[in-house]
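Using the hints provided, position chain B relative to the given structure of chain A.
Here the protein sequences come in this chain order: A and B. End of the first sequence = 309 in UniProt numbering, gap-free, step of one. End of the second sequence = 309 in UniProt numbering, gap-free, step of one.
Read the hints as simulated data drawn from the structure, not as lab findings. Be aware that one or more of the hints could be misleading.
Each pair may be met inside one copy or between any two copies, as identical chains are not told apart.
What the hints assert, rightly or not - Straight-line Cα separation of at most 30 Å, DSSO-like style, residue types lysine-lysine; simulated pairs:
{"#": "1", "residue 1": "Lys-109", "residue 2": "Lys-198"}
{"#": "2", "residue 1": "Lys-290", "residue 2": "Lys-147"}
{"#": "3", "residue 1": "Lys-151", "residue 2": "Lys-40"}
{"#": "4", "residue 1": "Lys-290", "residue 2": "Lys-260"}
{"#": "5", "residue 1": "Lys-307", "residue 2": "Lys-147"}
{"#": "6", "residue 1": "Lys-301", "residue 2": "Lys-147"}
{"#": "7", "residue 1": "Lys-147", "residue 2": "Lys-260"}
{"#": "8", "residue 1": "Lys-151", "residue 2": "Lys-307"}
{"#": "9", "residue 1": "Lys-272", "residue 2": "Lys-260"}
{"#": "10", "residue 1": "Lys-151", "residue 2": "Lys-301"}
{"#": "11", "residue 1": "Lys-272", "residue 2": "Lys-290"}
{"#": "12", "residue 1": "Lys-125", "residue 2": "Lys-290"}
{"#": "13", "residue 1": "Lys-151", "residue 2": "Lys-290"}
{"#": "14", "residue 1": "Lys-147", "residue 2": "Lys-40"}
There are 2 protein chains.
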Amino acid sequence: MSEDKKFPSNKKCCSGQIYSSIAVVGLGLIGASLGAAVSKNNLAAEVRGYDIDRETVEMAEDGYYFDSAHLLPDSCYTGIGSAELVIISVPVIDIPVVMEDISEKIGPKTTIIDTGSCKGFVMEKAAEIFTDQARFIGGHPLAGSEKSGIKNLDPELFIGSDFVLTPREQEIRSDKLEKLLKLIGGLDARVKIMDCEKHDRYLALVSHLPQIASSGLAGFIGDEENLIELLELASSGFSDTTRLAASNSNMWTDITLANKDRILEAMEDYLKQIETLVDAIQSENREEVKRFFEKGIDVRKRFEELKGE
Amino acid sequence: MSEDKKFPSNKKCCSGQIYSSIAVVGLGLIGASLGAAVSKNNLAAEVRGYDIDRETVEMAEDGYYFDSAHLLPDSCYTGIGSAELVIISVPVIDIPVVMEDISEKIGPKTTIIDTGSCKGFVMEKAAEIFTDQARFIGGHPLAGSEKSGIKNLDPELFIGSDFVLTPREQEIRSDKLEKLLKLIGGLDARVKIMDCEKHDRYLALVSHLPQIASSGLAGFIGDEENLIELLELASSGFSDTTRLAASNSNMWTDITLANKDRILEAMEDYLKQIETLVDAIQSENREEVKRFFEKGIDVRKRFEELKGE
Numbered sequence: 001m002s003e004d005k006k007f008p009s010n011k012k013c014c015s016g017q018i019y020s021s022i023a024v025v026g027l028g029l030i031g032a033s034l035g036a037a038v039s040k041n042n043l044a045a046e047v048r049g050y051d052i053d054r055e056t057v058e059m060a061e062d063g064y065y066f067d068s069a070h071l072l073p074d075s076c077y078t079g080i081g082s083a084e085l086v087i088i089s090v091p092v093i094d095i096p097v098v099m100e101d102i103s104e105k106i107g108p109k110t111t112i113i114d115t116g117s118c119k120g121f122v123m124e125k126a127a128e129i130f131t132d133q134a135r136f137i138g139g140h141p142l143a144g145s146e147k148s149g150i151k152n153l154d155p156e157l158f159i160g161s162d163f164v165l166t167p168r169e170q171e172i173r174s175d176k177l178e179k180l181l182k183l184i185g186g187l188d189a190r191v192k193i194m195d196c197e198k199h200d201r202y203l204a205l206v207s208h209l210p211q212i213a214s215s216g217l218a219g220f221i222g223d224e225e226n227l228i229e230l231l232e233l234a235s236s237g238f239s240d241t242t243r244l245a246a247s248n249s250n251m252w253t254d255i256t257l258a259n260k261d262r263i264l265e266a267m268e269d270y271l272k273q274i275e276t277l278v279d280a281i282q283s284e285n286r287e288e289v290k291r292f293f294e295k296g297i298d299v300r301k302r303f304e305e306l307k308g309e
Numbered sequence: 001m002s003e004d005k006k007f008p009s010n011k012k013c014c015s016g017q018i019y020s021s022i023a024v025v026g027l028g029l030i031g032a033s034l035g036a037a038v039s040k041n042n043l044a045a046e047v048r049g050y051d052i053d054r055e056t057v058e059m060a061e062d063g064y065y066f067d068s069a070h071l072l073p074d075s076c077y078t079g080i081g082s083a084e085l086v087i088i089s090v091p092v093i094d095i096p097v098v099m100e101d102i103s104e105k106i107g108p109k110t111t112i113i114d115t116g117s118c119k120g121f122v123m124e125k126a127a128e129i130f131t132d133q134a135r136f137i138g139g140h141p142l143a144g145s146e147k148s149g150i151k152n153l154d155p156e157l158f159i160g161s162d163f164v165l166t167p168r169e170q171e172i173r174s175d176k177l178e179k180l181l182k183l184i185g186g187l188d189a190r191v192k193i194m195d196c197e198k199h200d201r202y203l204a205l206v207s208h209l210p211q212i213a214s215s216g217l218a219g220f221i222g223d224e225e226n227l228i229e230l231l232e233l234a235s236s237g238f239s240d241t242t243r244l245a246a247s248n249s250n251m252w253t254d255i256t257l258a259n260k261d262r263i264l265e266a267m268e269d270y271l272k273q274i275e276t277l278v279d280a281i282q283s284e285n286r287e288e289v290k291r292f293f294e295k296g297i298d299v300r301k302r303f304e305e306l307k308g309e
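The shape of chain A in the complex, shown without the other chains:
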């Protein structure tokens, strides 16, 4: 028990610690929750946070999950050189900027991951910036919500969720990947290793397109003259289908542009299907209209079976 005293009071014991020090750059919902989850599960001896927003840094300092929090760019990433793992959790479009900023400050022993929702864009930039490829492993925790910011921090956000990693060929058997797998296991998340092209195509289909459809469903009625009267008639179906529409617009603008090609492909296929339905309704082709709804039921049922819903 005497060993406990070497660590801050919120650290349970050193036995489970996987990293000596973790630096989280970007303390939004995902970054802050990752830092908190690592801290709560005692997976690192030290957890440092970095953000460009003063209030966010203060909240991280006031909470008990971060050992220290630093304002950017003023802090010049103080102490990031000693971090064994750096988690870049800033908006997708800013990930290359952070990579550039830190690339000179960190040594070859440091593992770097990101948490961006599209990986092709990130992996390409990483290949340009980090000449020692084995340092960078693309990451994407499939967790989050329409809420954002450190104020919604949840150290249990990753429990039972998937955490995709997109390592390059040369990293697949590296010690760095092995350690990262242990960390993710320690968050009670499930690791999924896949190549970044597949990740981006799949995410366009099951995440980016649903976001667009949801925002579109809410947005297109915005010009209605009697919007409030109209919304009074909206019930649970509208509520579920448009929940995502509340999500951060900057984040989704970034993701949409970063995964542009895959999203356009997905939208094209989705629109084709909707246009087939338009034709079927116009010609009152009952069988064809029914087929449209049945295709949806079939996929939804498989999803529910898979997720045990």
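Then chain B, alone, in the frame of chain A:
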């Protein structure tokens, strides 16, 4: 207290009873839940149910909400002539058939309502079938879920929800409407009176189109070669946005065809907006992409404020 004995044990007292007898034709989720809610709240002395499905009729008989349940067409609507209120809660496309079947059996004192999700189609047929117009009042309880059937019956389904009525001019000040308002109040639902054209346009926007978008989002990935691998990556956003896709395909085929013109109008506007986004993504017009998401946020926020979510 002695008066209680005149009524089945589940009836609290006769004082709140609004109708002597109610007949519910069609014991799906809405019809069965309406019958159960009327019975539970003791709003009628007798509640009868009618359905074409033997198992459904047996379930209504076995439950304690219905005083009797009758199989159609065998029962020839036994006893429906004595009902003071008939609620037609069959698929939209079958409402005119039921109207034809019962029109000769019921007298001028009986009020008839339906629960269909589009009202123009229903009101038109009612005008043809019931020459005494004042007997028919269009109804649409804005409650329900992706679940269906009497097995999902919920006597509390209407509490706090809206119940739209679309009476014609001549019914607006009728005693029949007054009584119906009391019944709906007794279910703890809120009445909204509006003309059927407005109802159908609004419902296309906040109910029928969300259903189509949701079914479409689930359905269009159905042809994916690795559907299960893909669905494993789907998380809460996909889950919410496609929840409606599980809904009954026959019901939605009926609604889509019955509200054809309004739905096509709504789809056209929705598709236009999505196509504007396609153009903005292709030209990497960041401001335009962001505007798309911000329009969605704006409407969603108004919705949440309105509903206190």
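>> Tell me the numbers of any earlier hints that the structure contravenes, in ascending order.
In response: none
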